[in-house]
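Chain residues, written in single-letter form:
Protein chains: 4
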Amino acid sequence: MNAFGNIFRIQLYGESHGPCVGLVLDGVPPGIPLSPDDFIEDIDRRRPGAAGTTARREEDIPKILSGWFNGYTTGSPMHIQFANTDVRSSDYDHLRKAPRPGHADFVAHQKFSGYEDYRGGGHFSGRLTLPLVAAGVVAKKICDPMTFSARLEEAGGDPSIWPAIEQAASEGDSVGGLVDCIIDKVPTGLGEPFFNSLESSLAHAIFSIPAVKGIEFGAGFRSAKMKGSEWNDVLADASGKTITNHAGGINGGISNGNPITFRIAVKPTSSIRKEQVTYDWEKGEPVRLSVSGRHDACIALRVPVVVEAVSALVVADYLLLQKLWRVGQKGAGNQ
Amino acid sequence: MNAFGNIFRIQLYGESHGPCVGLVLDGVPPGIPLSPDDFIEDIDRRRPGAAGTTARREEDIPKILSGWFNGYTTGSPMHIQFANTDVRSSDYDHLRKAPRPGHADFVAHQKFSGYEDYRGGGHFSGRLTLPLVAAGVVAKKICDPMTFSARLEEAGGDPSIWPAIEQAASEGDSVGGLVDCIIDKVPTGLGEPFFNSLESSLAHAIFSIPAVKGIEFGAGFRSAKMKGSEWNDVLADASGKTITNHAGGINGGISNGNPITFRIAVKPTSSIRKEQVTYDWEKGEPVRLSVSGRHDACIALRVPVVVEAVSALVVADYLLLQKLWRVGQKGAGNQ
Amino acid sequence: MNAFGNIFRIQLYGESHGPCVGLVLDGVPPGIPLSPDDFIEDIDRRRPGAAGTTARREEDIPKILSGWFNGYTTGSPMHIQFANTDVRSSDYDHLRKAPRPGHADFVAHQKFSGYEDYRGGGHFSGRLTLPLVAAGVVAKKICDPMTFSARLEEAGGDPSIWPAIEQAASEGDSVGGLVDCIIDKVPTGLGEPFFNSLESSLAHAIFSIPAVKGIEFGAGFRSAKMKGSEWNDVLADASGKTITNHAGGINGGISNGNPITFRIAVKPTSSIRKEQVTYDWEKGEPVRLSVSGRHDACIALRVPVVVEAVSALVVADYLLLQKLWRVGQKGAGNQ
Amino acid sequence: MNAFGNIFRIQLYGESHGPCVGLVLDGVPPGIPLSPDDFIEDIDRRRPGAAGTTARREEDIPKILSGWFNGYTTGSPMHIQFANTDVRSSDYDHLRKAPRPGHADFVAHQKFSGYEDYRGGGHFSGRLTLPLVAAGVVAKKICDPMTFSARLEEAGGDPSIWPAIEQAASEGDSVGGLVDCIIDKVPTGLGEPFFNSLESSLAHAIFSIPAVKGIEFGAGFRSAKMKGSEWNDVLADASGKTITNHAGGINGGISNGNPITFRIAVKPTSSIRKEQVTYDWEKGEPVRLSVSGRHDACIALRVPVVVEAVSALVVADYLLLQKLWRVGQKGAGNQ
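Residue numbers (our numbering), protein chains in the order written: chain A, 1 to 335; chain B, 1 to 335; chain C, 1 to 335; chain D, 1 to 335.
FYI, nobody ran anything at the bench for these hints, they're computed from the structure.
Accuracy of the hints is not assured; some may be wrong.
Pairs of lysine to aspartate or glutamate, DMTMM-like flavour, derived with a Cα cap of 25 Å [unchecked claim]:
1. Lys185(B) x Glu285(A)
2. Lys63(B) x Asp60(C)
3. Lys274(C) x Asp184(D)
4. Lys97(A) x Asp237(B)
5. Lys185(B) x Asp173(B)
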C-alpha cells in the first residue's frame with residue numbers, strides 16, 4: 001500500500017527519525033541519461049530553512065544505489081536513498097499519551113496497535129516527500145518536453161503570502177495555502193478510463209501528499225454553478241486546441257492536448273506552538289498542549305515541487321502505457 | 001484499466017448502445033445474504049425520467065449471473081449484467097465529424113484511432129454508472145452498519161435546485177451542481193497510506209464518475225484560508241470523537257472514527273440543444289451544432305447514489321484489508 | 001483473484017451449472033480485426049464429445065457483448081460470454097456430504113464455509129476453460145505471426161494414447177497425460193524478471209488449468225542430471241539462435257529468440273465410475289462412492305488448446321509491455 | 001516487475017557489483033517480534049564458501065532500515081539492505097562481446113539495449129536471492145507454526161551428491177540438482193483460484209529463482225502415467241487428512257490440510273572454467289571461452305533455503321488473505 005503506479009511504479013519506505021528514507025522506482029526504461037546534479041534544483045525547492053519552514057536541515061543528497069550505470073538508467077529498479085542525519089527524537093517522546101490535534105498520532109496508534117514508530121510522525125512524516133521529489137526528477141525526464149509548474153497562490157487566504165505566514169509564525173500559529181499547477185505540452189490521449197481517468201490518478205497521487213484536503217481541475221468548483229453553454233470549451237482547430245480551458249485539459253478522463261490545470265487546498269500545519277486542548281489517554285481527561293518541536297508555519301510553501309513530482313509520476317506512467325495503444329491491425333508480433 | 005479495488009475489486013464493461021453493460025465483482029466474501037429486491041431502491045434513485053433527467057427509459061433490472069447461490073454470495077466472482085433495451089443509435093451518427101464541445105468524442109477518437117464505439121458516448125456513457133450502483137448495493141451490505149448519504153446541495157449555484165434546472169431545460173441548456181456525502185459509523189483505522197490514503201482512494205473512485213471536476217474533504221478549500229489553531233479538531237474523548245470535523249473524518253489518510261464528509265463539483269451536462277460552435281474535422285472549419293438526443297439538463301441529479309456506491313466500494317475494500325492488521329505477535333498461522 | 005495479466009488482463013467468472021460462464025478482457029488494443037468465425041477452430045478443439053471426453057454438449061458459441069464494433073476491437077473491455085444450456089444439476093446433489101476423492105469438493109466447502117455453488121464443481125469446473133480458449137484466440141491475434149502448438153504426447157504412460165484411454169474408460173477409470181507445447185517465432189526480450197520471468201508467468205497461467213501437476217521448460221527435469229558443459233546451448237550466430245535448446249527458449253527469464261518449449265503433467269480425471277472410498281461428513285465414517293455423472297476418461301485430451309490459450313495470454317501481455325522498453329534517451333514525450 | 005505478492009508484497013532491487021542489494025517488504029502486520037539474530041541461520045545456509053560453492057565471501061549482515069522499532073515490526077514498509085563488499089568487477093569486463101552460453105548476457109543486452117549493468121550478472125545475479133532469504137525469515141514468522149523444509153535430493157543425478165560435485169569441480173564443470181520441499185502444518189483453505197491457485201503462486205515464485213527449469217507437486221509427472229483410481233487420495237477422516245498424498249496437499253488450487261510437497265529441477269551453473277564455444281558479436285564468428293571468475297560447481301546447493309523463503313512469502317500472503325473470507329452474513333462493519 002506504499003506503492004503507486006501501473007508500470008512505472010514507486011515503492012516508498014522510511015520514517016522521519018529512522019536511519020533513512022527512500023524509494024525503489026520500478027519500470028524505468030533503460031537509457032535515460034541521469035546525473036546526481038539533475039536532482040539539485042528540485043530538492044532545493046523543497047528544502048526547509050526559508051522563513052516559514054522548519055529549521056531542521058539535512059544534507060538531502062540522493063544516493064542512487066541501483067538501476068543506474070555509467071550515467072544512464074539500466075532498466076533495473078532504481079533505489080534512491082536519503083540519510084536522516086539531523087534527528088532529535090526526544091522532542092516527540094512526551095506526545096504519545098496526548099495526541100496532537102489534527103495529526104495522525106491518534107489514528108496511527110489505533111491502526112498499528114501501538115507498534116508504530118511515533119518519533120517525528122514516523123512513516124507519516126512530511127520527510128517522506130523528499131524521495132518523491134527525487135522520483136519526480138526521473139519522471140520529468142521521461143515526460144520531456146512536457147513541463148510541470150506548481151506555485152503557491154495564496155497563504156491563509158492572502159495572495160501576498162509572506163505577511164500571512166510571518167504573522168502566524170509570530171503567534172506560534174500556522175496557515176494553510178492554495179497551490180496551483182499547470183502541465184504544458186501534454187500529448188492528447190493520456191489517461192485510462194473508466195477507473196484510471198487522468199483526474200482519478202492525479203487526485204490519487206496528490207491526496208497522498210500530507211495536508212492536502214481538496215483538488216479541482218480546470219474550472220473546478222465553479223463548474224457547479226455554470227451552464228453548459230458557458231462551460232463547454234469551444235474547439236479552435238483540428239488539433240483539439242480550445243478557446244477556453246474549463247476542462248483543465250481533460251475530457252472523459254483523457255488529456256485533450258490543452259494544458260492540464262488544477263488547484264489544491266493545503267491545510268495549516270497541525271503542529272503549533274500556540275496552546276491547544278487535546279485529550280490525555282492515560283489521565284482520561286482534556287489537557288493543554290503546546291507543540292515545541294521545529295515546524296513549518298506554512299507547510300504549503302514546500303508543497304509545489306512535491307505536487308510537480310507526483311504529477312510527473314502519474315503522467316510518465318500513462319505516457320508509457322499510451323504506447324500500447326498504437327498496436328492494432330498489423331499484429332503486435334510484427335513490430 | 002477498467003478495474004478498481006485492492007482485494008474487493010470490480011471489472012467494468014459495456015457501451016451505451018451495445019447489448020448490455022455490467023461488471024464482475026471479485027473478492028466478495030461468501031455468505032452475504034442478497035436478493036434482487038435489495039437493488040431496487042438505489043437503482044430507482046439513479047433512474048432517468050424525473051424532470052431534468054433524460055427521457056430514455058430502461059428496465060434497469062440487474063441479472064446476477066454468477067457468484068450467487070441459494071440467496072447468498074458464494075465467494076466466487078459476481079457478474080451483474082443490465083440489458084440495454086431502449087437504444088436509438090441513429091441519434092448519434094452525424095456527430096462523428098464534429099465533436100460535441102465538452103464531451104469525450106474528440107479524445108476517444110484520438111486515443112482509440114477511430115475504432116471506438118462512438119454511439120451514445122460508447123464506453124464513456126453515464127450508463128456505465130448503472131452497474132456501479134448495483135455493486136454499491138453489495139458493498140453497502142459488507143459495510144453494514146455504516147451508512148452512506150449523498151445529496152444534491154445546489155444546482156447552477158441555486159440551493160432551491162429545481163427552478164435552476166427548469167430554467168436551463170427551457171433554454172435547451174444545462175447546469176452543474178454540488179453534491180455532498182456523509183459516511184457515518186465508520187470504524188477508526190481504515191485507509192492504507194502512504195499512497196492508498198482514504199482520501200486518495202475515495203477521490204480516485206469519485207473522479208471516475210463522469211462530469212466530476214472537484215472534490216474536497218471536511219473543511220476542504222476553506223482549509224487553505226484557515227489557521228492551525230482554528231482548523232485542528234479538538235478530541236472530545238478517548239474514542240477519538242472530535243468537537244469540530246474540519247478533517248472530514250480522516251487524519252493522515254486514515255479514518256479517525258468521526259463521520260467522513262466530502263463535497264464534489266459536477267459540471268453541467270455537455271450535450272445541450274442550445275446552439276454551440278464546434279470544429280468540423282472534414283470541412284476543416286468551425287460549424288454550428290445543436291445536440292438533439294435525449295439528455296439530462298442536470299446530470300448532477302443522478303450523481304448522489306453513484307457517489308454513495310463508489311464510496312462504499314472503497315470503504316468495503318479497506319474494511320476487508322483492515323482485518324489483516326490484527327495479526328501480529330501470535331503468528332498468523334495460529335489463528 | 002480471478003484476474004490475470006499485467007496490462008492485457010482477463011477477469012473470469014461463472015459456474016458449471018449457472019446461467020453462463022465468461023470473461024472480461026481488458027487492455028485489448030483497438031483496431032484488431034475479429035469475427036465470430038475466428039473462434040470456431042479453437043473452440044472445436046476443446047469441445048467434448050469425442051471418445052474419452054464427456055457426453056455433455058453445449059453450443060459453445062461465444063457472444064461478444066462489448067469492446068467490439070464494426071468488426072474490430074475498440075480498446076474498451078471485451079466481454080465474451082457462453083451460455084450454459086445443457087445442465088443437469090441433480091446429478092451432483094447427493095455428493096455434498098461425501099466429497100469426491102481428488103476433487104475440490106472438500107476444500108471448497110472449507111474455504112467458502114458451505115456457501116459455494118457445488119453443482120458440477122461450480123467455479124472449479126473445467127467449463128471455465130472455455131472462455132479462456134476464446135480469450136486465447138484474441139491473444140493469438142495480438143501475437144501474430146508467433147505460433148502456439150500444444151499436443152497430447154502420451155496418455156496413461158502410453159504414446160499411442162487411444163488404447164490407454166479406451167481401456168480406462170471401459171473399466172470406469174481414467175488416465176493422466178503429458179502435454180507438450182512449442183511457441184515459435186518468438187521475438188527476443190519477452191519477460192520481466194526478477195519476479196515476472198517468462199517461466200514464472202507461463203507456469204502461473206498453466207497451473208491455473210485444472211488438473212495440471214507439473215511443468216518443465218526445455219530440458220526440464222533432465223537438467224538436474226546434466227553437466228554445465230552439456231546443458232549450455234551454444235550460440236550459432238549473432239541473432240541468438242542456438243544449436244541445442246535445453247533452455248527451452250528462455251534465459252534469465254527472458255525469451256532468447258529460439259522456440260519456447262515446455263511440457264506439462266496432467267493428472268487423471270478425479271470423477272470416475274469405478275468404486276472408491278471416501279469419508280462421509282454426516283455419518284462420520286468411510287463410505288463407498290461411484291461417481292455417475294458425465295466425465296472425461298482423459299481430461300488431458302482437452303487440455304492442449306487451453307495450454308495454447310493461456311500461453312498466448314501471457315505472451316501477448318509481455319509483448320505489449322516490451323514496447324515500453326524502447327523509449328530511453330530521447331524523452332518519451334517526444335515520441 | 002520486480003515486485004511480488006498480493007498484500008504481503010516485496011519489491012526487490014540491486015545488482016551483483018553495485019553498492020548493495022535489498023528489498024522493501026510491504027504489508028507486514030505490526031507487532032511481529034524480530035531481532036537481527038533471527039536472520040543468521042537461514043543466511044548461513046545460503047552462504048557461499050563450502051566445497052562446490054563460490055569462494056566469494058560477503059558479510060551478509062542484513063540492515064533493517066525501516067518498519068522496525070523497539071524489536072517489533074511497525075506495519076510500515078520494511079527495508080532490508082545488504083552491502084556488497086567483496087566485488088571484483090574486472091573479472092567480467094571481457095565477457096561483453098562474447099556472451100556466456102546458458103547465461104542471461106545475451107538477452108539482457110537485447111532487452112536493455114546495452115544499458116544493463118553487466119558486471120557479475122548485474123540484476124540477474126544469484127546475489128539477489130540473499131534479500132529473498134531475509135524476507136523469508138519474516139514470512140516464516142507470520143506462518144508460524146507452519147514449517148518449511150527444503151533439501152538437495154541429488155546432484156548430477158547422484159543421490160550421494162558430493163562425489164558428483166567434486167568430480168565436476170575438478171573438471172572445471174558444473175552439475176544440476178533436484179530440490180524437494182515439504183511445508184507442514186498448513187491450514188486448509190489457502191489459495192485463491194481461479195488464477196491464484198496455490199500451485200500457480202508457488203510456481204511463479206519458484207521460477208523467479210535463477211536456474212530453476214521445472215516444478216512438480218505431489219506425484220507430479222508420475223501423475224501423467226497413473227489411473228484415477230490410483231491417483232485419488234482417500235480421505236482418512238473429517239479433517240481432510242488423506243492416506244496418500246499424490247495431490248501434494250493441494251486440490252483445486254487450495255491447500256487441503258495435508259503437507260504441501262513439491263520438487264524442482266535446478267540446471268547446472270552456466271559459468272564454467274571448462275572451455276566452451278560461443279559467438280563473438282564484434283568478430284562475427286564463433287570463439288572459445290573459459291569463464292575464469294569464482295563460481296559454484298553446483299548452484300543447487302544454495303537453492304533449498306531460497307526455495308523455503310519464496311514459499312513462505314507466498315504462503316504468508318495467502319494466509320493473510322484467507323482472513324478476509326471469514327466475514328459474511330453479519331456484515332463486516334460489525335466486526
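Going through the earlier hints one by one, which of them does the structure break, listed in rising order? 3, 5
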